[in-house]
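**Q** Each chain is listed here by its residues.
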Amino acid sequence: MIEFKNVKKAYQDNVVIEDLSFTINDGEFVCIIGPSGCGKTTTLKMINRLHKVNGGEILIDGTNINDIDVNELRKSIGYVIQHIGLFPNMNVKQNISVVPTLLKWSKDKIDLRIKELMKMINMPFDEFAYKYPNELSGGQQQRVGVLRALAANPNIILMDEPFGALDPITRDVLQDELRNIHDQLKKTIIFVTHDMDEAVKMADRILFLDGGKILQYATPEEMLKNPGTPLIREFLGKISYDYNASDLTCEDVMRKRVYTVYNKERTLKCTSIMKQRDVASLVVVDHNNRYLGIIRIEDIKSEGVPGETIEKLIRKEDITVLINSNARDAFSELEKDNKEYLVVLKRDRQVAGIITRSSMAKALASLIWGENDV
Amino acid sequence: MFKALSDFFDSYGNMLISSIFIHLKFVFISVAIGFIIAFILGILLSRVPKLSVILIPILSIFQTIPGLVFIGVLFLYLGIKDITVIIALAIYAIFPILKNTYVGLISVDKKIIEAAQGCGMNPFQVLWKIEIPLAMPSIISGLRMSTIYTVSWAVLAAMIGLGGLGEFVYRGIETNNTTLILGGAIPSAIIAILLGYLIDKVQYHFTPRGLRKEP
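In the order they appear, the protein sequences are chains V and R.
With numbering that gives the first Met the number 0, the residue at position 146 of the first sequence is 145, and numbering never jumps.
With numbering that gives the first Met the number 0, the residue at position 88 of the second sequence is 87, and numbering never jumps.
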């Protein structure tokens, strides 16, 4: 557990942080965010004493960090900085093994650890261990930076805008990887960012600072629902919207255009519609557009008799969802058997639409980036 | 042309070879001493950049004193000894290495140093594992400069009668013999070029692969 108690920080006469108190629990992923100059990086760097505390105290598991030898403290805390943090004179292996070497681990133990770590992020040891930072892509460099922080198995990892210099796609991938690593290893991660999307995606709790003061310290959901101040609302921008993702209904995420077929239709007509639309199945309805089931190409192929109607081939066992039910439930249903789509029904069992993976993704994207972009 | 050359080697061959060795001896010893002093001084100065802003210009004034004057003055105190020449040359060798060591060290990216501190390295480890390797290309190019200068300054050794390739130059000037002057000048130029080439190889070797410019 990390505790800030009335921490004060000043550069000469310029007070950056006046009186900062908060707690970070073990295994928690906390993002520190705020406008530039809000003291977020300073707050981070006080934890490993790269910046000195001018008042109050910081405790790690109850011990004041000033009572721990500064280099011992730093060796026990992982530290990742923006893109250029790797030592350019060392190869990947040497970079990752910096802290274990300082801790005087045996060579075999270090080798084993590095192989284990590199496996975790899919960078084959044989291919990458002896490459130098300038021979790696930005994303690979930052992965190595994260591994270096993890190498000696610290309980706490500090990250100072680690993905800030990466292109959006690489950043997204690394965010997922880091989140995975966190879920697996349960480290306490303190992550400075200026990107609210990143904070909302990654954090268990977000610490919002402005002028060295805490404006809000809450879970992303809580912050989205009740932004503490107008500044936070502004930072949340399009993400906050009127409602958040958990309020979405099936209607919000479904596709309205559905390829339906009448239950008295003949098999040949069915296959030609499928061919034309390039789909493997159709939704079958009755005269009143009420849902009856699904007709699949493979069933027509194996059991269909040319010239007969499709009625006997209709499958009725597929699960359907109601238009006003929660989108999250629909999504987990979709995930369950890796279904292609779910049929959405109105109260009177008329077909309203279908939910596919892409319709779901589009709806979520428009929620984050605004309707018009998609 | 060939005849002149073979005549020259006939008369001065042995003297040329021994002069080259004397010359090289002066160069190696003084550059080695200069390097050690400059390297240590450069590291110390890089720890106190504020002081260095004043100190380095002062040191550079020494550089502007003509070598002739300097050897002359030292000669008055120390007499005709190898040490006179070696001290003089070493002092001249110091400055380029000192300056390059200093500049190389202070231009190491502060973020990298912070990353090293953040990993828990003490100041000595940061210096030894990070700063010096990163400054190495700059330090070696200072060494290269010093070595090449020293080859030409070592000609002055002959001025106080200590031999070396300068011997040819001085005798040539005294007797108005162009062949003799060239007989001293050309070998020292060749030595300078060869040593420069050698140091380039050393520099390549000492530059971490991650820092080499070529692909």
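Keep in mind that a hint or two might mislead.
[Stated by the list, open to error] If you anchor each label on the Cβ, the simulated ranges turn out as follows:
hint: 1; chain 1: V; residue 1: Gln183; chain 2: R; residue 2: Lys200; range: 41 to 51 Å
hint: 2; chain 1: R; residue 1: Met14; chain 2: V; residue 2: Glu134; range: 46 to 56 Å
hint: 3; chain 1: V; residue 1: Ile168; chain 2: R; residue 2: Ile105; range: 55 to 65 Å
hint: 4; chain 1: R; residue 1: Phe27; chain 2: V; residue 2: Phe124; range: 57 to 67 Å
hint: 5; chain 1: R; residue 1: Arg208; chain 2: V; residue 2: Phe124; range: 11 to 21 Å
hint: 6; chain 1: R; residue 1: Tyr203; chain 2: V; residue 2: Asp60; range: 20 to 30 Å
hint: 7; chain 1: R; residue 1: Lys200; chain 2: V; residue 2: Lys103; range: 27 to 37 Å
hint: 8; chain 1: R; residue 1: Lys200; chain 2: V; residue 2: Glu134; range: 19 to 29 Å
In short, the hints are calculated from the structure, not lab data.
All values derive from a computational prediction rather than experimental measurement.
Each residue gets a CB set at the ideal place from its N, CA and C atoms; glycine is no exception.
**Q** Now, for every hint given, state plainly whether the structure supports it.
**A** Status of each hint after checking the structure:
1. V:Gln183 with R:Lys200: 41 to 51 Å: holds (48 Å)
2. R:Met14 with V:Glu134: 46 to 56 Å: Once the Cβ atoms are compared, 53 Å apart, the range 46 to 56 Å for Glu134 of chain V and Met14 of chain R holds.
3. V:Ile168 with R:Ile105: 55 to 65 Å: Hint violated: Cβ distance 38 Å, outside 55 to 65 Å.
4. R:Phe27 with V:Phe124: 57 to 67 Å: violated (44 Å)
5. R:Arg208 with V:Phe124: 11 to 21 Å: Because 18 Å falls inside the window, the suggested range holds.
6. R:Tyr203 with V:Asp60: 20 to 30 Å: Since Tyr203 of chain R and Asp60 of chain V have Cβ atoms about 49 Å apart, the given range 20 to 30 Å is violated.
7. R:Lys200 with V:Lys103: 27 to 37 Å: holds (35 Å)
8. R:Lys200 with V:Glu134: 19 to 29 Å: For Glu134 of chain V against Lys200 of chain R, whose Cβ atoms are near 23 Å apart, the range 19 to 29 Å holds.
Consistency note: the structure conflicts with the earlier hints numbered 3, 4 and 6.
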